[in-house]
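Asks: Quick mapping for you: the protein sequence lines, in order, are chains X and F. Each residue of the first sequence is one higher than the one before, starting from 1 at the first, in our numbering. Each residue of the second sequence is one higher than the one before, starting from 1 at the first, in our numbering.
These are computed hints drawn from the structure, not numbers from a lab. Keep in mind that the hints are not guaranteed to be accurate.
[What the hints assert, rightly or not] Dumping the calculated PhoX-like pairs for lysine-lysine here, alpha-carbon to alpha-carbon at most 20 angstroms:
id, chain 1, residue 1, chain 2, residue 2
1, X, K185, X, K229
2, F, K97, F, K164
3, X, K229, F, K52
4, F, K164, X, K185
5, F, K97, F, K87
6, F, K52, F, K87
[As the list claims (entries may be wrong)] Derived contacts from chain F toward chain X, CB cut-off under 10 angstroms, selection only:
id, residue
7, H171
8, R239
9, P243
Values in this document were obtained by computation on a predicted structure and should not be read as measured data. Just so you know, even glycine gets a beta-carbon here, dropped at the ideal spot from N, CA and C.
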Amino acid sequence: MAVEPVSETEPVRRPTGTTVKYNPHLWTDDELRDIFVVRQAQLDELLDRMRSTPADAAPQATLFVGARGMGKTTLLRRLALAVREDAELARDWLPLSFPEEQYTVSGLGELWRNVLDALIDALERSAASRAEIAELDRKAHELAAAAPAAQAGLALALINHWCQQHQRRLVLLIDSTDLLLEGLKKSTRAPAKKLTKAASAPASHASHAAPAVDDSALWQLRQTLLESKHLMWVGASYQSLESHHAYDQAFHDFFDLIDLRPLSLDDMRDALVALAGRFGMRGAETSAQSMLAMQNALAARPERLLALRAITGGNPRTTAILYDLFAAGADGDLHSDLRGLLDLMTPLYKARMEQLPEQPRKVLAHVMEAWDPIALRDLAQAAGIASSTVSSQLVRLEQDGLVQKATLSGTRRSGYQVAERFFNIWFLMRHAPRRVRQRLTWLVEFMRLWYRADELEGAIGERIEPGNPYAWDQQGRLLVGLGRHDEASALFRRSVDAMAGQGLEVSEKGSPLLLQAHLWLGNGDLALQHLDRLARTASTGSSSGSEEAFAVIRVQVFECHQMGIGIRLAELMARSELADFLLPYQLALHAAAGSDGPMMNAAAEIQVMAKAVLLDLVPAQKSQG
Amino acid sequence: MSFPVGTTAEGTQFFGRARELCDFWDLLDSNHVVLSGPRRLGKTSLLKRLVKDAPAQGWHAVLVDLQGHSRIEDVLAELERSLPNSKITGWLAAARKSVGRAAERIKKVELKMPGGFGGALDPQAPPTTAWSAQARQLQTRLSAQPVLILIDEFSVFLEKLINKDREGAEHLLGWLRTWRCANNIQCRFVFSGSIGINSLLTRHKLTTYFNDCHDFRLQPFSRAEAMAMVRAELESEARLSAPEVPEYLCARVGWLSPFYVNLLLLESLRAVRDREAEQGLQATPMQVGDVDDGYQRLLAVRSRFIHWAQRLERDVAPQELPLVLKVLACVAGKPEGLSHKQLQARLHAIEPEPDARARRLESALWQLEEDGYLSTDGGRVQFLSFLLRDYWQSNHGR
């Protein structure tokens with residue numbers, strides 16, 4: 001999926017507000033065309049279907065299913081744009097979009113009147129004659145005076161008449177199909193089926209428990225969509241429709257379901273490059289430069305993309321949200337950028353929480369606190385609510401697209417996690433206990449320091465000069481590599497002595513060398529002192545000293561692994577007073593030695609960090625993805 | 001990709017069913033018919049095809065879909081609207097001039113009815129209902145006409161009516177039966193619906209109202225029909241395939257409902273498209289591996305199946321749930337299906353007492369067939385959906 005530069009020389013077109021980036025409703029056609037790069041196959045398929053559906057056949061209805069932020073709205077908007085821009089398609093089809101409030105309708109009459117309104121809106125934006133629009137508008141208004149029971153038929157007849165008259169078909173882009181279909185149901189007294197032990201003959205199955213619904217409107221809608229050659233339903237839903245899978249429901253197996261899956265690494269790369277082209281990169285003047293800069297940045301450090309995917313879960317909207325962190329590059333203040341983004345999302349996320357009644361909100365909060373997938377039983381225990389109650393609340397939260405099932409770490413069993421990972425980060429940064437917040441902060445810090453460490457590695461290397469203890473240390477590592485362990489030990493002892501002679505054994509500068517040398521020589525307690533010193537410095541904030549210490553630890557981890565003492569270092573880290581801080585390194589060292597179980601069982605954000613470290617240790621994996 | 005995976009198949013999209021259509025026309029000479037069978041077999045598509053072919057067979061046919069109706073009066077009005085005298089007489093005039101089966105049929109009808117069309121019949125609508133006059137008028141007008149009235153989603157309408165007004169439903173069914181059983185009537189009825197008519201009538205103890213109709217149970221495609229459809233659809237998509245692909249695809253589907261065949265074909269085509277995009281190729285033939293990939297993609301969409309499991313937990317009484325789950329697990333493990341006897345043997349641990357076991361199994365199977373999980377064909381119980389079967393085997397099989 002190649003991403004073409006917008007223009008070689010065109011200046012970067014910045015949006016009027018930052019929120020534009022996260023809200024596809026606000027994108028202009030140009031922005032939509034530029035940014036839409038990752039669901040091209042689905043778009044092409046729909047366009048192909050429109051071209052190949054015979055004029056005398058009812059078009060196949062389609063439903064895109066995906067969690068919040070997976071690109072459903074964008075895809076529908078892009079489809080409308082593609083039809084409008086294709087002369088041949090536009091001759092035969094007219095795409096209709098609907099304002100959000102129109103997704104909750106109380107009956108078919110209202111639905112078809114909304115379609116009429118959308119048709120009139122679309123005609124007003126086109127070259128249709130004023131007289132024709134006025135006439136259609138008048139007829140639509142007259143419908144309001146008709147008896148409610150007759151409105152659906154009359155409105156549909158008007159729509160069909162227009163289609164026949166103009167030899168055009170309508171594409172109904174229904175963003176919240178699930179909401180709309182739900183609204184068309186009405187509760188009644190009739191009961192639902194229930195199997196009972198007493199039932200010995202089929203007739204006895206008629207016993208019922210739960211209230212059923214009057215779904216006449218759904219069956220009528222199904223009939224219309226099955227019969228009509230003029231209407232093509234292209235819907236989106238953040239949940240799978242239960243009625244699609246219920247054998248006795250109107251819409252059983254009715255739609256062609258297309259799952260919008262999380263973005264692959266390639267998709268994310270394309271999306272970030274496209275975002276760069278549209279919204280710019282720091283230091284780049286033109287769209288083409290921005291795209292090139294983003295491509296280079298991602299090619300140079302592919303693990304950044306891995307980390308981003310782990311945090312976003314491959315969610316396009318979250319990718320767009322976190323794009324700024326990438327756009328800022330190593331010079332940006334990642335931590336404050338993240339905080340800014342969290343602030344930006346607060347109204348939306350806060351409203352989402354507040355809309356929930358107390359009990360599901362409580363359950364959701366506990367799912368978020370867990371961050372990792374959590375088992376139903378553990379959730380019930382944490383929330384102090386009976387499992388059966390939690391289970392029913394989870395069903396509701398799942399239906400609302402807020403949580404999703406995921407495999408429990410290290411098992412084949414399923415648990416629950418929050419579907420939108422950035423929503424989870426927001427919650428933890430705002431509401432979670434201090435310890436959890438620290439973990440998240442550390443994740444952000446880690447990402448920043450990790451990229452920064454690239455630049456510091458060169459500076460550290462400059463200190464290794466012949467004739468000083470660092471040189472002996474370097475030579476010692478070379479000898480280890482050649483298998484001349486006794487000679488290596490002699491050199492390490494010599495460098496330790498030299499450091500003591502120069503009074504450097506108590507200084508911070510000596511710690512990297514002494515950590516490694518003592519570890520090799522088996523002086524665990526002495527090595528631990530130096531490890532703790534480095535870790536303390538690295539974890540004390542964002543000063544240049546801490547950044548350097550962080551880079552030093554990264555180098556030490558790499559070198560110790562190369563020398564075959566990675567596991568010894570990992571064990572030392574487990575004994576450290578800052579074991580939590582060092583946990584990603586510890587897990588990566590174990591994983592590099594072939595034991596990745598502990599890493600896979602760790603919290604997701606720790607995994608992100610450990611995997612980044614592991615890519616340093618096992619470079620072959622860098623190219624995978 | 002224009003072939004249907006949810007909509008009805010018409011025109012060039014309609015495949016096979018030649019034998020069924022032939023049987024249908026023979027049956028209609030002297031029977032009214034209930035067209036039954038699980039969902040997604042193409043019953044509505046078949047009804048539409050019957051309407052299209054009817055004139056050549058000497059019938060004026062209309063398809064009336066009742067899924068949007070809930071009142072008897074509305075149904076009668078819909079029938080009135082669909083079969084105006086002007087249309088019938090116009091068709092008759094044209095048909096008389098034609099040659100072949102249509103003209104023969106009209107001649108035969110006229111011979112049977114000395115008083116001409118519409119004469120000498122005794123309509124018997126229930127006298128006490130609000131719609132009796134309307135019903136009597138309709139019956140009088142249509143009984144002697146060579147019209148074929150195909151009523152789709154009759155069961156959907158009937159279930160709503162039973163829930164709302166059981167007595168009215170019985171009156172309607174009684175009147176329809178009387179009409180059908182009257183001497184010398186020339187019109188014919190075909191009833192069908194997404195919800196099984198027979199099971200609905202059984203559940204509500206109303207089977208006697210329909211025991212005069214011939215039950216025509218639609219079966220899945222034959223292997224040859226399904227393969228022919230796959231080949232034709234691949235051709236219409238301008239997609240070459242390895243020679244073994246159509247047969248392999250049908251084998252993977254198992255129970256050859258045209259819907260499921262098309263579903264796997266559609267996903268396999270998507271798999272080819274994505275493979276080509278990854279490899280930078282174009283217009284490559286579909287391979288067996290693409291079918292496997294398509295199959296796995298369908299299976300990977302958890303949301304496709306989750307409701308099937310949740311629904312059982314919600315709707316089945318807790319004491320029956322283990323047995324129901326065991327039945328499904330056992331059947332899922334055997335793609336070729338299991339006989340009732342084999343199933344009974346496998347349920348021994350759950351219900352040791354033989355009579356109770358047989359009764360509970362019958363009860364569970366009835367419900368599972370009613371809800372579209374299983375089907376009994378040729379004495380073997382199997383999953384209707386190959387996907388649901390494999391999902392069940394992976395996630396609930398034990």
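Asks: If a hint holds in the structure, say so; if it does not, say that too.
Replies: Quick rundown of the hints versus the structure:
Straight-line distance between C-alpha atoms of X/K185 and X/K229 comes to about 25 angstroms, which puts the hinted pair past the 20 angstroms bound. Pair hint F/K97 plus F/K164 does not hold up; C-alpha atoms about 48 angstroms apart against a cutoff of 20 angstroms. Distance restraint check for X/K229 and F/K52: the Cα-Cα separation of roughly 17 angstroms lies within the 20 angstroms cut-off, and the hinted pair is therefore satisfied. For a cut-off of 20 angstroms, the pair hint linking F/K164 to X/K185 stands: about 16 angstroms separates their Cα positions.
Proximity of F/K97 to F/K87 is assessed by CA-CA distance (about 16 angstroms); at most 20 angstroms being required, the pair is judged to hold. For the given pair, F/K52 sits about 15 angstroms from F/K87 by alpha-carbon distance, which is consistent with the 20 angstroms threshold. Residue-level restraint check for F/H171 is violated (minimum Cβ-Cβ distance to chain X is 20 angstroms; threshold 10 angstroms). At its closest, the beta carbon of F/R239 sits 12 angstroms from a beta carbon of chain X; the interface hint therefore is violated under the 10 angstroms criterion.
Here the hint on F/P243 is broken, as its CB sits about 25 angstroms from the closest CB of chain X, past 10 angstroms.
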